[in-house]
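Protein chains: 2
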Amino acid sequence: MIELTPVLDSKDTPLYIQLAKYIKQEILCGRINPGEKLPSKRKLSVHLGLSINTIKTAYEQLNAEGYIESKPRQGLFVATFEGDISTVQLYPQELNPLPEQEKVNIKLDFNSGKVDLEHFPYSLWRKLTIESLYQDQGELFNLGNPQGELLLREQIATYLYASRGARCSASQIIIGAGTQVLMALLTMLIGKDKLYGVEVPGFHRTRTVLQDLGEKIISIPLDRDGMDIKLLKNSKANVVYVTPSHQFPNGMIMPISRRMKLLKWAEDKNRYIIEDDYDGEYRYKGQPIPSLQGLDTMGKVIYLGTFSKSLFPSIRISYMVLPISLINIYLKNYTIYKQTVSRLHQDTLYRFMKDGYWQSHLNKMRTLYRKKHGTLMLSIKKYLGNNVNVIGENSGLHIVLEVKNNMCEEELIEKAFKSGVKVYPLSIYYQNKEGYNGSQVLLGFGGLSETDIDAGIRLLKEAWMI
Amino acid sequence: MIELTPVLDSKDTPLYIQLAKYIKQEILCGRINPGEKLPSKRKLSVHLGLSINTIKTAYEQLNAEGYIESKPRQGLFVATFEGDISTVQLYPQELNPLPEQEKVNIKLDFNSGKVDLEHFPYSLWRKLTIESLYQDQGELFNLGNPQGELLLREQIATYLYASRGARCSASQIIIGAGTQVLMALLTMLIGKDKLYGVEVPGFHRTRTVLQDLGEKIISIPLDRDGMDIKLLKNSKANVVYVTPSHQFPNGMIMPISRRMKLLKWAEDKNRYIIEDDYDGEYRYKGQPIPSLQGLDTMGKVIYLGTFSKSLFPSIRISYMVLPISLINIYLKNYTIYKQTVSRLHQDTLYRFMKDGYWQSHLNKMRTLYRKKHGTLMLSIKKYLGNNVNVIGENSGLHIVLEVKNNMCEEELIEKAFKSGVKVYPLSIYYQNKEGYNGSQVLLGFGGLSETDIDAGIRLLKEAWMI
Numbered sequence: 001m002i003e004l005t006p007v008l009d010s011k012d013t014p015l016y017i018q019l020a021k022y023i024k025q026e027i028l029c030g031r032i033n034p035g036e037k038l039p040s041k042r043k044l045s046v047h048l049g050l051s052i053n054t055i056k057t058a059y060e061q062l063n064a065e066g067y068i069e070s071k072p073r074q075g076l077f078v079a080t081f082e083g084d085i086s087t088v089q090l091y092p093q094e095l096n097p098l099p100e101q102e103k104v105n106i107k108l109d110f111n112s113g114k115v116d117l118e119h120f121p122y123s124l125w126r127k128l129t130i131e132s133l134y135q136d137q138g139e140l141f142n143l144g145n146p147q148g149e150l151l152l153r154e155q156i157a158t159y160l161y162a163s164r165g166a167r168c169s170a171s172q173i174i175i176g177a178g179t180q181v182l183m184a185l186l187t188m189l190i191g192k193d194k195l196y197g198v199e200v201p202g203f204h205r206t207r208t209v210l211q212d213l214g215e216k217i218i219s220i221p222l223d224r225d226g227m228d229i230k231l232l233k234n235s236k237a238n239v240v241y242v243t244p245s246h247q248f249p250n251g252m253i254m255p256i257s258r259r260m261k262l263l264k265w266a267e268d269k270n271r272y273i274i275e276d277d278y279d280g281e282y283r284y285k286g287q288p289i290p291s292l293q294g295l296d297t298m299g300k301v302i303y304l305g306t307f308s309k310s311l312f313p314s315i316r317i318s319y320m321v322l323p324i325s326l327i328n329i330y331l332k333n334y335t336i337y338k339q340t341v342s343r344l345h346q347d348t349l350y351r352f353m354k355d356g357y358w359q360s361h362l363n364k365m366r367t368l369y370r371k372k373h374g375t376l377m378l379s380i381k382k383y384l385g386n387n388v389n390v391i392g393e394n395s396g397l398h399i400v401l402e403v404k405n406n407m408c409e410e411e412l413i414e415k416a417f418k419s420g421v422k423v424y425p426l427s428i429y430y431q432n433k434e435g436y437n438g439s440q441v442l443l444g445f446g447g448l449s450e451t452d453i454d455a456g457i458r459l460l461k462e463a464w465m466i
Numbered sequence: 001m002i003e004l005t006p007v008l009d010s011k012d013t014p015l016y017i018q019l020a021k022y023i024k025q026e027i028l029c030g031r032i033n034p035g036e037k038l039p040s041k042r043k044l045s046v047h048l049g050l051s052i053n054t055i056k057t058a059y060e061q062l063n064a065e066g067y068i069e070s071k072p073r074q075g076l077f078v079a080t081f082e083g084d085i086s087t088v089q090l091y092p093q094e095l096n097p098l099p100e101q102e103k104v105n106i107k108l109d110f111n112s113g114k115v116d117l118e119h120f121p122y123s124l125w126r127k128l129t130i131e132s133l134y135q136d137q138g139e140l141f142n143l144g145n146p147q148g149e150l151l152l153r154e155q156i157a158t159y160l161y162a163s164r165g166a167r168c169s170a171s172q173i174i175i176g177a178g179t180q181v182l183m184a185l186l187t188m189l190i191g192k193d194k195l196y197g198v199e200v201p202g203f204h205r206t207r208t209v210l211q212d213l214g215e216k217i218i219s220i221p222l223d224r225d226g227m228d229i230k231l232l233k234n235s236k237a238n239v240v241y242v243t244p245s246h247q248f249p250n251g252m253i254m255p256i257s258r259r260m261k262l263l264k265w266a267e268d269k270n271r272y273i274i275e276d277d278y279d280g281e282y283r284y285k286g287q288p289i290p291s292l293q294g295l296d297t298m299g300k301v302i303y304l305g306t307f308s309k310s311l312f313p314s315i316r317i318s319y320m321v322l323p324i325s326l327i328n329i330y331l332k333n334y335t336i337y338k339q340t341v342s343r344l345h346q347d348t349l350y351r352f353m354k355d356g357y358w359q360s361h362l363n364k365m366r367t368l369y370r371k372k373h374g375t376l377m378l379s380i381k382k383y384l385g386n387n388v389n390v391i392g393e394n395s396g397l398h399i400v401l402e403v404k405n406n407m408c409e410e411e412l413i414e415k416a417f418k419s420g421v422k423v424y425p426l427s428i429y430y431q432n433k434e435g436y437n438g439s440q441v442l443l444g445f446g447g448l449s450e451t452d453i454d455a456g457i458r459l460l461k462e463a464w465m466i
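Listed in order, the protein sequences are those of chains A and B. Going by the numbering used here, 12 is the number at position 12 of the first sequence; the sequence numbering is gapless. Going by the numbering used here, 319 is the number at position 319 of the second sequence; the sequence numbering is gapless.
Do not take every clue at face value.
Since the list gives no way to pick out one identical chain from another, each pair is judged satisfied if it fits inside one copy or across any two copies.
Unchecked claim - Taking lysine to any residue and the SDA-like style, the derived pairs with C-alpha atoms no more than 20 Å apart in a straight line are: (1) K194 / L213; (2) K21 / G35; (3) K264 / L185; (4) K382 / L222; (5) K114 / T367; (6) K114 / L143; (7) K56 / G385; (8) K114 / T335.
Honestly, the hints are just simulated from the structure, not real lab data.
Use the sequences and the hints to build the structure in full.
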C-alpha cells in the first residue's frame with residue numbers, strides 16, 4: 001500500500017482539501033506513480049485518524065480532477081498521464097522582472113497626448129459618477145447596447161451638429177474604447193481587399209493598426225492644404241484616412257475647396273473617407289470649419305471623434321459616425337461585438353453633456369488652450385526667433401518646430417532631453433522616414449502650464465545653442 | 001457688386017460670425033457664384049453699417065475656411081469648388097429611425113450573460129470609486145501603462161496563483177476591455193498564417209472574432225472529456241482555443257490526463273493553447289481544478305480571464321496571461337496599442353482586490369450560485385423529470401437542457417417565449433450547425449432569484465407540455 005503521511009496542519013482549510021492537495025502533490029512530484037492502487041477509504045481512515053467521510057470527499061475531488069480513477073470492483077488507482085508530469089512545478093515561475101514604464105527625470109514634457117487636468121471639474125465629475133452609481137440600482141451593471149448607451153449617443157449627435165457641423169442621428173453612432181478599437185471594427189464593416197490611403201506624414205498609430213489588421217495601405221503625400229488629391233486619384237486607394245480639421249502632425253486645416261474635391265473623389269462606388277477629428281474642438285482663429293461629414297451628401301464619410309483630448313485621455317471613450325450603408329452592415333452582422341466602454345462611464349459622460357457642463361468645459365478649455373498657445377508662440381519668438389519655423393499653429397494641442405541649427409532630429413531630441421525637456425520625433429509619422437527632411441520636432445503643450453511652457457522653450461534655446 | 005443683405009439679429013453671436021455664416025450660406029446655396037468678386041471691406045462696412053474690423057474678421061474667417069480667396073492687388077473672390085456645392089444641405093439628414101434594442105415582455109430570462117447583481121456590494125464599490133477619484137488628483141486621468149495598471153496586475157497575479165493555480169508575474173498580464181479586444185491583440189502577437197482549432201460546440205463569439213480577423217479556423221469536436229486530442233492531432237491546427245474549466249456550452253471539466261495530453265501536443269514548435277477560463281471561479285463540487293496555465297512548463301499556454309462573470313459584465317475588464325515568448329513580442333512591437341480599460345475602473349478594482357473584498361465577494365457569490373444551482377436542479381427534477389437530460393451541471397452559471405418531447409430547438413424556444421420565458425439556442429455554438437442534433441437549449445441562472453428559477457422551470461413544463 002502506498003505510504004501516505006500528510007501533514008494536515010492548516011486550521012483554515014477543510015481536512016479533505018488538505019488531504020487531496022497532499023495526494024495531488026505526491027502524484028505530481030512523482031512520489032506516487034501512475035497506475036498505483038490507492039488505499040481503501042476505510043484503511044486510510046484508520047491510518048490517518050480521519051473520518052471516512054473526509055477520505056471519501058478527498059478521493060471524489062481527486063477523481064473529479066482526473067488524478068485518480070476508479071476501476072469497478074478493484075478500487076481506486078492513480079491515473080496514467082501522457083505528459084511528463086514529474087516536471088510540473090507547483091510554484092510560480094521565476095521571472096526576470098520585465099521593465100515597467102521608463103521613469104526619466106524630466107522637468108518639462110511637451111507630450112502631445114497630455115491635456116490640461118488642473119482645470120478639470122473634479123468635484124462635479126465625482127458627483128455625477130456617484131449619480132451614475134446610484135442610478136437604477138444595478139441596471140447599469142448589466143451588459144448594455146453593443147453600440148453604446150442611447151442617451152449618450154443622442155448627446156453626441158446633438159453636440160456634433162451644433163459644434164462640428166456633422167449631421168447624424170444617434171443610430172449612426174458607435175461608441176468604443178479608443179480609435180484603435182473602432183478602426184478594427186470599421187475595417188470589418190468596410191470589408192476585405194481594400195487599399196487604404198493614408199496621409200504622409202500622418203498618425204503612425206492608424207497606419208500601424210491598419211497594417212497589423214492585415215490591410216493594405218498606400219502613402220499619399222500632403223501639399224500645403226492637406227492630402228494631395230491628384231496623388232490620391234492616381235493611387236488605387238478605395239478608402240482614405242484624413243485629419244482635415246488639424247492635420248496630424250503638420251497642422252494644416254483643409255480648406256473647403258479641397259474638402260469638396262475629396263468628397264467628389266469618394267463618389268465612386270465602394271469608396272470611403274475616414275475623417276479623424278481628433279482635436280477639432282480646439283481652433284484659435286475664427287470659427288471651426290464644418291467637418292467633412294457635414295458636407296457629405298452621398299454617405300461616404302466615416303467620422304471619428306474622441307473624448308481623449310476634450311475630456312481626459314484615460315477615460316477611453318471614442319466614437320464613430322457611420323453612413324447608413326455601413327450602419328446597416330453593422331446591425332446585420334457585427335452586434336456580436338460587445339461594447340468596450342464601461343456603462344458607468346458612458347452614463348456619467350451623458351450626465352455631463354446633458355446638463356451643459358460639457359459645453360462650458362469646452363469653452364473654458366478653449367480659452368485656456370488659446371492662452372497657452374499664445375504663450376508658446378510668444379516664447380518661441382522671444383527665445384528661438386528666426387532660428388525656427390513653426391508649422392501648423394492655427395489649432396490643436398501641438399505644433400511642429402523646424403529648427404535651423406544644423407542638428408538632426410535625433411540630436412535635437414537628445415540635447416533637449418539632457419536639459420530636462422522632452423520633445424518628440426516627427427520621423428515616426430513618415431512611412432520608413434520617406435520624404436522626411438530631418439530637422440523637425442513635435443511639441444504638445446496641452447498638459448503644461450504657461451510658466452512651464454515658457455521655461456521649456458527657454459531651456460530649448462540653451463539645449464540647441466541658438 | 002454682389003448684393004449682401006444679411007439679417008444680423010442674434011444677440012448671443014458676435015456680428016462677424018453672423019456675417020461670415022450668412023455669406024457662407026449664400027455661397028453654399030448657390031446664390032453667390034464661384035469666382036465672383038466680393039465687395040471691399042470699406043464698401044461693405046458702409047453698406048451694412050458695420051465696423052471695418054467686423055468685415056475684416058468675417059472675411060478672414062471665410063478665407064481660413066477656404067470659401068473665399070484673395071488675389072494680390074485684385075481683391076477677394078469666391079473660391080472655385082470642384083464638387084456640386086449647391087446640393088449641400090445645411091440641416092441634419094432625415095433618417096428612418098433605426099431599431100434600438102428589442103424590448104420584449106419577458107417575465108423570466110435565462111440569459112447566461114447575466115450575473116447576480118442583487119448581492120453586489122454597491123455601497124462599498126461606490127466608496128472605492130470615490131477613493132479612486134480623489135487619488136493623486138488628476139494622475140489617473142492621464143494615459144496609463146498600455147498593459148494596464150501595475151497594481152491591478154499584481155493583484156490579478158496573486159489571485160490567479162492562489163485560486164486558479166496559474167503561475168505568472170504581473171509583467172505577463174495584459175488587461176483589456178473584453179475578451180474580443182484581447183483576442184484581436186493576441187492574434188497579432190501569435191502572428192500570421194496560423195490555423196486555429198476551436199471547440200465544436202464552442203463559443204461563437206471567439207469563432208466569429210477569429211474569422212472576422214481573417215484567421216483560419218478548424219472545428220475540433222468534443223468527446224466526454226472535452227476537446228478530442230486525437231482529432232486535434234490529425235488536424236493541422238497550430239493554435240487551439242479551449243475552455244477546460246467549464247467547457248462552453250457543454251460544461252464538462254477537462255480531467256488532468258486530458259490536460260497533460262493537450263500540453264504534450266503543444267510542445268511542438270510554434271504551437272499555442274488559448275485557455276479561456278471565463279467562469280472558472282464557480283464550481284459546485286470540490287475544489288477547482290488547476291488551470292492549464294498552471295500545469296504548463298513550456299510556455300505554451302495563454303490564459304484568458306474576465307471580471308464579467310465574477311464582478312459585473314458592464315465593467316468590461318478582462319485580462320490575458322502571456323508566456324514569456326509572447327510578452328516579449330508584445331513589449332517589442334505592440335505597446336503602441338493603448339490600454340482600453342479606464343484607469344479609474346482599474347484603480348477601483350485594485351482597491352477592491354487589495355483589501356480582500358474581492359475574495360469575500362467571490363466566496364459569497366459561490367455560496368449564492370451553489371444555492372441557485374441547487375434550486376435549478378431540484379426544479380428540473382420536480383417539473384421536468386425524465387423528460388430532460390441536464391448537461392454540464394458541475395460548475396458555471398449555465399446548464400444545457402436536452403428535451404425529449406420531440407420538439408426541435410426552435411420550437412422549444414418559441415413555446416417558452418410564448419409562456420414568458422426566454423431560453424437560448426445551442427445551435428449557434430456549432431459551425432453551420434454541423435454535428436448538432438437539435439433538441440437542446442441553454443439556460444443561464446446567474447441573474448435569476450431562486451423563486452424565479454423555480455417559477456421559470458414550472459412555466460417551461462407547461463410550455464413544453466411535459
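Consistency of the hints with the structure:
Taking CA atoms no more than 20 Å apart as the test, K194 paired with L213 passes in both settings, with 12 Å inside one copy and 14 Å between copies. Taking the closest pair of Cα atoms, K21 and G35 come within 20 Å of each other only inside a single copy of the chain (19 Å); across copies the shortest separation is 87 Å, beyond that limit. In this assembly of identical chains, the alpha carbons of K264 and L185 never lie at most 20 Å apart, being 26 Å within a copy and 36 Å across copies at closest. With identical chains, the CA atoms of K382 and L222 are never at most 20 Å apart, being 30 Å at best within one copy and 73 Å at best between copies.
Taking the closest pair of Cα atoms, K114 and T367 come within 20 Å of each other only inside a single copy of the chain (17 Å); across copies the shortest separation is 46 Å, beyond that limit. Taking the closest pair of Cα atoms, K114 and L143 come within 20 Å of each other only across two copies (8 Å); inside a single copy the shortest separation is 31 Å, beyond that limit. For a Cα distance limit of 20 Å, the shortest separation of K56 from G385 qualifies neither inside one copy, at 86 Å, nor across copies, at 28 Å. In the homo-oligomer, the alpha carbons of K114 and T335 lie at most 20 Å apart only across protomers (18 Å), although the nearest pairing inside one protomer, at 33 Å, exceeds that limit.
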